[in-house]
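Okay, here's what each chain looks like letter by letter:
Protein chains: 2
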Amino acid sequence: MAGGGPRYEKLDRAPIDPESLLLDVRKEKIDKVISQRTRTFTIVLDRLEDSFNMAAVMRTCEANGLQEVHVIVNPAAPFMPNSRVAQGCDKWLDVKIYRDFASCRAALKARGFSLYASAIREDATSLYSMRFDSKIALIFGNERDGVSPEVLAGSDGTFWIPMRGFSQSLNISAAASACVTRAISWREEHLGRVGDLTEGEAQELRERFYVLAVKQRKKIFKKAPPSSP
Amino acid sequence: MAGGGPRYEKLDRAPIDPESLLLDVRKEKIDKVISQRTRTFTIVLDRLEDSFNMAAVMRTCEANGLQEVHVIVNPAAPFMPNSRVAQGCDKWLDVKIYRDFASCRAALKARGFSLYASAIREDATSLYSMRFDSKIALIFGNERDGVSPEVLAGSDGTFWIPMRGFSQSLNISAAASACVTRAISWREEHLGRVGDLTEGEAQELRERFYVLAVKQRKKIFKKAPPSSP
Numbered sequence: 001m002a003g004g005g006p007r008y009e010k011l012d013r014a015p016i017d018p019e020s021l022l023l024d025v026r027k028e029k030i031d032k033v034i035s036q037r038t039r040t041f042t043i044v045l046d047r048l049e050d051s052f053n054m055a056a057v058m059r060t061c062e063a064n065g066l067q068e069v070h071v072i073v074n075p076a077a078p079f080m081p082n083s084r085v086a087q088g089c090d091k092w093l094d095v096k097i098y099r100d101f102a103s104c105r106a107a108l109k110a111r112g113f114s115l116y117a118s119a120i121r122e123d124a125t126s127l128y129s130m131r132f133d134s135k136i137a138l139i140f141g142n143e144r145d146g147v148s149p150e151v152l153a154g155s156d157g158t159f160w161i162p163m164r165g166f167s168q169s170l171n172i173s174a175a176a177s178a179c180v181t182r183a184i185s186w187r188e189e190h191l192g193r194v195g196d197l198t199e200g201e202a203q204e205l206r207e208r209f210y211v212l213a214v215k216q217r218k219k220i221f222k223k224a225p226p227s228s229p
Numbered sequence: 001m002a003g004g005g006p007r008y009e010k011l012d013r014a015p016i017d018p019e020s021l022l023l024d025v026r027k028e029k030i031d032k033v034i035s036q037r038t039r040t041f042t043i044v045l046d047r048l049e050d051s052f053n054m055a056a057v058m059r060t061c062e063a064n065g066l067q068e069v070h071v072i073v074n075p076a077a078p079f080m081p082n083s084r085v086a087q088g089c090d091k092w093l094d095v096k097i098y099r100d101f102a103s104c105r106a107a108l109k110a111r112g113f114s115l116y117a118s119a120i121r122e123d124a125t126s127l128y129s130m131r132f133d134s135k136i137a138l139i140f141g142n143e144r145d146g147v148s149p150e151v152l153a154g155s156d157g158t159f160w161i162p163m164r165g166f167s168q169s170l171n172i173s174a175a176a177s178a179c180v181t182r183a184i185s186w187r188e189e190h191l192g193r194v195g196d197l198t199e200g201e202a203q204e205l206r207e208r209f210y211v212l213a214v215k216q217r218k219k220i221f222k223k224a225p226p227s228s229p
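Keeping their order, the protein sequence lines are chains A and Z.
Residue numbers for the first sequence follow UniProt numbering, beginning at 1 and rising by one.
Residue numbers for the second sequence follow UniProt numbering, beginning at 1 and rising by one.
Since the hints were derived computationally from the structure, they do not count as laboratory data.
Check the hints yourself; a few may be wrong.
Where chains are identical, the list cannot tell them apart; a pair therefore holds if satisfied intra-copy or between any two copies.
Stated by the list, open to error - EDC-like cross-link-like pairs, simulated, lysine to aspartate or glutamate; straight-line CA separation at most 16 Å: (1) Lys91 / Glu68; (2) Lys135 / Asp196; (3) Lys32 / Glu122; (4) Lys32 / Glu204.
Start from the sequences and build out the full structure, keeping to the hints where you can.
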């Protein structure tokens, strides 16, 4: 139904080859990060409401080599990490969002995870006596209310960071950092390594990260004068 | 020079006896906190500007048994920890304020402390290889600029929390938590104890904390109907 006139064939775009667009030093950085990545230790955030906390926890996870963060959304507060604090780390993470704890639990249980909920009580397991040689997810609750009763009922156990002062709890960005750095340093000390991706997982991530790194490069160059009209 | 008329002697007020005004359970809590208190491991905050971070670090310190926090003020940002995050923990701490690093350094050096500045570089000492069996102060710098050149030049060494991802640093509330919990758990594991006040230090603190706890009690009861006009 189109009118007359010439019709032009579109020239096929050359497929992007991320490898050719990345400097070797950048590829080495990506490969090094992947060699220290894990999908067997993770964090679940249960209905957080503070965007500073959301962002600080994500950055702690990314910086320590966690590939996944699981998020049960708070109906009253969208999951919007403060970008000034997150500093763009989220693009390197798998952030999995769930409407409720049941679906989060089902997904992690299907993969063989044990779930431990953070609960401030002296009869909870001390963080410092925990072993991190199996698949473990640590769950942190809402800033004011803690983890939900549903989470407590559906977890394999509770843990706490022993409190030695008058303060009965840590701020959540501090609590998550204490736990993540403890788990990762425990693995390094007791297992001799932190990263544990399979070769297939590593290759899949390498392809994604190469493309992401190229896209980021484009963004960096966006403000430079265009090389062609 | 006062006018005539009767003169009344003032009745001496009975001195406050905090011990008689505190419940035993409260005294036990205070004594337990004191038994886990230390003045031989501390934190220096070098010109922070974010009130959330100031507060979260103070709470981490108090909750982990540190009695002292040292603060070099930022001329452009007063030291005003966010009270929602600090949750009143600062009244149980000795927060020492300095106008510059030189005076902070002098005070800590006179007491035999070694000073380590947090610096994000792979040749810095790893937090995880540090020993905490002597007097150590860890210095954290400004959120954007890090520790000042003066601090770097005047410290005994630099340390870092090994970064294993693309993020090159942690948010400062997360970084301080990783360091404080590491140091305190290291002491518990390697020295068998966390608290190390002398009997004199403990007694001095006990007297202060008893009075503070009574004042806090008064505050709690302030809204109740007065028992006498």
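Structure-based check of each hint:
no. : hint            : in the structure
1   : Lys91 / Glu68   : within (11 Å within a copy, 39 Å between copies)
2   : Lys135 / Asp196 : within (11 Å within a copy, 37 Å between copies)
3   : Lys32 / Glu122  : between (40 Å within a copy, 14 Å between copies)
4   : Lys32 / Glu204  : within (15 Å within a copy, 52 Å between copies)
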